[in-house]
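Student: Chains G and D, in that order, are what the protein sequence lines are.
For the first sequence, numbering that gives the first Met the number 0 begins at 0 and goes up steadily by one.
For the second sequence, numbering that gives the first Met the number 0 begins at 0 and goes up steadily by one.
Wrong hints could be hidden among the right ones.
Just so you know, same-sequence chains aren't split out, so a pair can sit in one copy or run between any two.
What the hints assert, rightly or not - Restricting the straight-line Cα-Cα distance to at most 20 Å, the calculated cross-link-like pairs of lysine to any residue (SDA-like) are:
no., residue 1, residue 2
1, Lys34, Asn255
2, Lys80, Asp107
3, Lys34, Val125
4, Lys210, Asn255
5, Lys163, Leu65
6, Lys163, Asp93
7, Lys42, Gln190
8, Lys34, His286
9, Lys42, Leu188
It is worth saying that the hints were derived from the structure and are not from the lab.
2 protein chains.
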Amino acid sequence: MPISNYIIAVDWGTSHLRAFLCRVNDDKHLTIIDKANGLGVSKVIHSFEKTLFECINPWVHQHGKLPVFMMGQIGSSIGWKETNYIPCPTQLEDISAKCVNFSCADHDITIIPGLSCRLYNDMHDVMRGEEMQVLGWLQQSPQHLIGNHLICLPGTHTKWVLIKSGQIVLFKTAMTGELYDLLSTQSILIQENNAEFNQASFQLGADFTLKSEQGSFIHGLFSVRSKQLFGELSHSQAKSYLSGLLIGSDVRAAMNAQEWQSSQLAQVSIIGAKHLSQLFSQVLKVHGINTKIYPVADMTLSGFNSVYQQMSTSLDNNTPDTSMS
Amino acid sequence: MPISNYIIAVDWGTSHLRAFLCRVNDDKHLTIIDKANGLGVSKVIHSFEKTLFECINPWVHQHGKLPVFMMGQIGSSIGWKETNYIPCPTQLEDISAKCVNFSCADHDITIIPGLSCRLYNDMHDVMRGEEMQVLGWLQQSPQHLIGNHLICLPGTHTKWVLIKSGQIVLFKTAMTGELYDLLSTQSILIQENNAEFNQASFQLGADFTLKSEQGSFIHGLFSVRSKQLFGELSHSQAKSYLSGLLIGSDVRAAMNAQEWQSSQLAQVSIIGAKHLSQLFSQVLKVHGINTKIYPVADMTLSGFNSVYQQMSTSLDNNTPDTSMS
Chain G
0 MPISNYIIAV DWGTSHLRAF LCRVNDDKHL TIIDKANGLG VSKVIHSFEK TLFECINPWV
60 HQHGKLPVFM MGQIGSSIGW KETNYIPCPT QLEDISAKCV NFSCADHDIT IIPGLSCRLY
120 NDMHDVMRGE EMQVLGWLQQ SPQHLIGNHL ICLPGTHTKW VLIKSGQIVL FKTAMTGELY
180 DLLSTQSILI QENNAEFNQA SFQLGADFTL KSEQGSFIHG LFSVRSKQLF GELSHSQAKS
240 YLSGLLIGSD VRAAMNAQEW QSSQLAQVSI IGAKHLSQLF SQVLKVHGIN TKIYPVADMT
300 LSGFNSVYQQ MSTSLDNNTP DTSMS
Chain D
0 MPISNYIIAV DWGTSHLRAF LCRVNDDKHL TIIDKANGLG VSKVIHSFEK TLFECINPWV
60 HQHGKLPVFM MGQIGSSIGW KETNYIPCPT QLEDISAKCV NFSCADHDIT IIPGLSCRLY
120 NDMHDVMRGE EMQVLGWLQQ SPQHLIGNHL ICLPGTHTKW VLIKSGQIVL FKTAMTGELY
180 DLLSTQSILI QENNAEFNQA SFQLGADFTL KSEQGSFIHG LFSVRSKQLF GELSHSQAKS
240 YLSGLLIGSD VRAAMNAQEW QSSQLAQVSI IGAKHLSQLF SQVLKVHGIN TKIYPVADMT
300 LSGFNSVYQQ MSTSLDNNTP DTSMS
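Start from the sequences and build out the full structure, keeping to the hints where you can.
Tutor: Below, the structure is given as C-alpha cells:
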C-alpha cells in the first residue's frame with residue numbers, strides 16, 4: 000500500500016455514491032476534508048470508472064493519484080468487481096485481509112467485501128456496506144469488544160447484528176423500508192403519501208403489531224385501510240400508522256428471534272438516520288429495551304478508519320526492514 | 000320489484016365489470032344466458048351509467064328494460080352509489096332487506112351492500128363482493144346451514160370467513176395477492192417475473208414459513224433474495240418460492256387466528272380461481288386440514304340467485320292478496 004497523506008473513502012450503494020476525501024494523520028487516524036456525491040450502482044449509465052473519476056477528479060487534480068477504498072454494492076454481482084462474501088463469524092482482521100485490490104488509471108483501488116452468515120433455519124443472510132458501520136461501532140468503546148451486543152441498523156433493509164467478544168457472529172435482514180416504500184406509493188393502503196409524520200398514529204400502528212397474535216402481520220396490514228374507512232385514521236395519518244405497524248413487526252420479530260435471547264440484552268445499539276433511529280428506539284423501549292443511537296456517517300468513517308489502520312499495520316509488519324539488512 | 004323473465008346480474012369490482020344476462024325460471028332459479036365485460040370501478044373514465052349501458056345495451060334491445068342487480072366496489076365510496084356496510088353477524092335475509100334501489104334511465108337498479116365486522120383486537124374488517132360467493136356457498140348443502148365452517152376466498156385480498164349456523168359471523172382480510180404483485184414486479188426480490196410456476200420452489204417457500212419462528216414474515220422475506228445469491232433458487236424459481244412464502248404466511252396466520260379454533264375445523268371450503276385454490280389447499284393440507292374447492296363463478300351466481308329469490312319472496316309476502324279482497 001503506497002504511503003499517502005490523503006485517501007478517498009467511497010460508500011457506493013445501490014442508490015448513491017458518497018465519496019470522502021480524508022487526510023491521514025500521523026497516527027493513521029482519518030479526518031474528512033471534503034465530500035462528493037454520485038450515481039448509485041443501479042443508476043450508473045456509462046462505466047463505473049467514469050462515474051467514480053467524475054466524482055473524485057477535483058481531489059486528484061489537487062493531490063495527485065490517491066488510494067481509493069470502496070464498500071457497498073459496488074462489490075456485488077451488479078457492481079464493478081464482484082467480491083466474495085466473508086462468512087461470519089468474522090472480525091476486523093479477516094475483513095481487512097480479504098479486501099480486493101486492483102489498479103485503474105494508475106489508482107490503487109481497494110474493495111472491502113460484504114459479509115454472509117447462516118441463520119438457525121438454514122437461511123443465508125448477506126450485507127454489503129453495513130459491515131463498515133459495525134466495525135466503526137466496535138471502535139467506540141472497549142466495552143463493545145467484550146460480551147454480547149445487538150446492533151440494529153434500520154433502513155431500506157434493516158439489519159440486526161449479533162456481536163460476541165468483538166466478533167460479528169450473525170445478522171438478520173428485514174425488508175422494512177422497502178415494504179414501507181412499496182406500500183406507501185403503490186398499494187390501496189395510502190391515499191396521502193406526502194402527509195406529515197404523526198406520532199400518535201405511529202404509536203397506534205406499533206402497539207397494534209406488538210399486541211397482536213402470532214404471525215399476524217399479513218392479516219393485520221389491512222387495518223391501515225379499514226381504520227380509514229371507519230374514521231379511526233384520517234388519510235393523512237395512515238402513512239404514520241403503516242410505519243408503526245412495519246417497525247413494530249420488525250422489532251417484534253427481532254425480540255422473538257431464536258438467534259439471540261432478547262431478555263438478556265441490556266441495550267440495543269442503533270446506527271441509522273436520526274428520525275428513523277428514534278422510531279426504532281421508541282418501539283424497543285415498549286419492549287423494555289434500552290437503546291443508544293449512533294450516527295451513520297460517524298460509524299462509517301470510523302469503520303473505514305479501522306480497516307485502513309489494520310491494512311497499514313499488516314503492511315508495515317510484512318515489509319522487510321531493509322535498514323537492518 | 001317488477002316481474003320479468005330476465006334479469007341482469009353485475010359483479011362490478013375495482014378492476015373488472017362482469018355482467019350476466021340471466022333467465023328467471025318458474026321456480027325463480029336463474030340460468031345464465033349471456034355474459035359481457037366492462038371496465039372496473041377504478042378504471043371508468045366517463046360515467047358509471049355510460050359504462051354499464053354500453054355493456055348491457057344489446058340485451059336491453061332484445062328484451063327491453065330489465066332489472067339490474069349489482070355487487071362489489073360499485074357500492075363503495077369510489078363507486079356509483081355508496082351503500083353502508085351491513086355489520087356482522089348477518090345472513091341472507093338481512094342482506095336482501097338492506098339492498099339499495101334506484102332508478103336510472105327507467106331501469107330498476109339494485110346494489111347489494113358489502114359487509115363489515117369487528118375482530119378480537121378491535122380491528123374492523125370489510126368486504127364488498129365476496130359476500131355473494133359466501134351466500135352462494137350456503138346454498139350448496141343443508142349441512143352448510145348448521146354448525147361452524149371456515150371459508151377461504153383467495154385473491155388480491157384473501158378473505159377468511161367464519162360461518163356459524165348459517166350466519167356470517169366475522170371475517171379476516173390478508174393482502175396476500177396485492178403483496179405478491181408488488182413484490183414480484185417492484186422489489187429487489189424477483190428478476191424473472193414471467194417465469195413458469197415451479198411446484199418444488201412453491202413448497203420450499205411454504206415450508207419455510209410454516210416452520211418459522213413466531214412473527215418472522217418480515218424477517219423471512221429476504222430469503223427470496225439470499226437463496227438466489229447462494230444458488231439455492233434460480234431466478235426463474237424465485238417467484239414460485241415467494242408465492243409459497245406468502246400463501247404459507249397467510250394460511251399460518253389463519254391457523255393461529257384467535258377468532259376460531261383451527262383444530263376444531265373438519266374442513267376449510269375454498270372459493271377461488273382453480274390454480275390459486277389448489278395452492279391454498281396444498282398448504283392447508285400440510286396443517287392437516289381437509290379442503291373442498293368451489294368455483295367462484297358458480298358461487299357468485301348462486302349467491303345472486305339466493306338474494307333474488309329472497310327479495311322476490313319478501314315482495315310476494317308483502318303484496319296484499321287482492322284476489323281475496
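Student: Against each hint, give a clear statement of whether it holds in the structure.
Tutor: A quick look at each hint next to the structure:
Taking the shortest Cα distances, Lys34 and Asn255 never come within 20 Å of each other, neither inside one copy (40 Å) nor across copies (52 Å). Taking identical chains as interchangeable, the C-alpha atoms of Lys80 and Asp107 lie at most 20 Å apart only when both belong to the same chain, with a minimum of 14 Å there against 69 Å between chains. Taking the shortest alpha-carbon separations for Lys34 and Val125, neither the intra-copy value of 28 Å nor the inter-copy value of 52 Å comes in at or below 20 Å. Both within a single protomer and between protomers do Lys210 and Asn255 lie at most 20 Å apart by alpha-carbon distance, with minima of 13 Å and 14 Å respectively.
Neither within a single protomer nor between protomers do Lys163 and Leu65 lie at most 20 Å apart by alpha-carbon distance, with minima of 36 Å and 75 Å respectively. When the C-alpha separation of Lys163 and Asp93 is checked against a cutoff of 20 Å, the pair qualifies only within one copy, where the shortest distance is 15 Å, while the shortest distance between copies is 62 Å. In this assembly of identical chains, Lys42 and Gln190 lie within 20 Å of each other by CA distance solely across copies; the values are 17 Å between and 29 Å within a copy. Taking the shortest alpha-carbon separations for Lys34 and His286, neither the intra-copy value of 39 Å nor the inter-copy value of 56 Å comes in at or below 20 Å.
When the C-alpha separation of Lys42 and Leu188 is checked against a cutoff of 20 Å, the pair qualifies only between copies, where the shortest distance is 18 Å, while the shortest distance within a copy is 29 Å.
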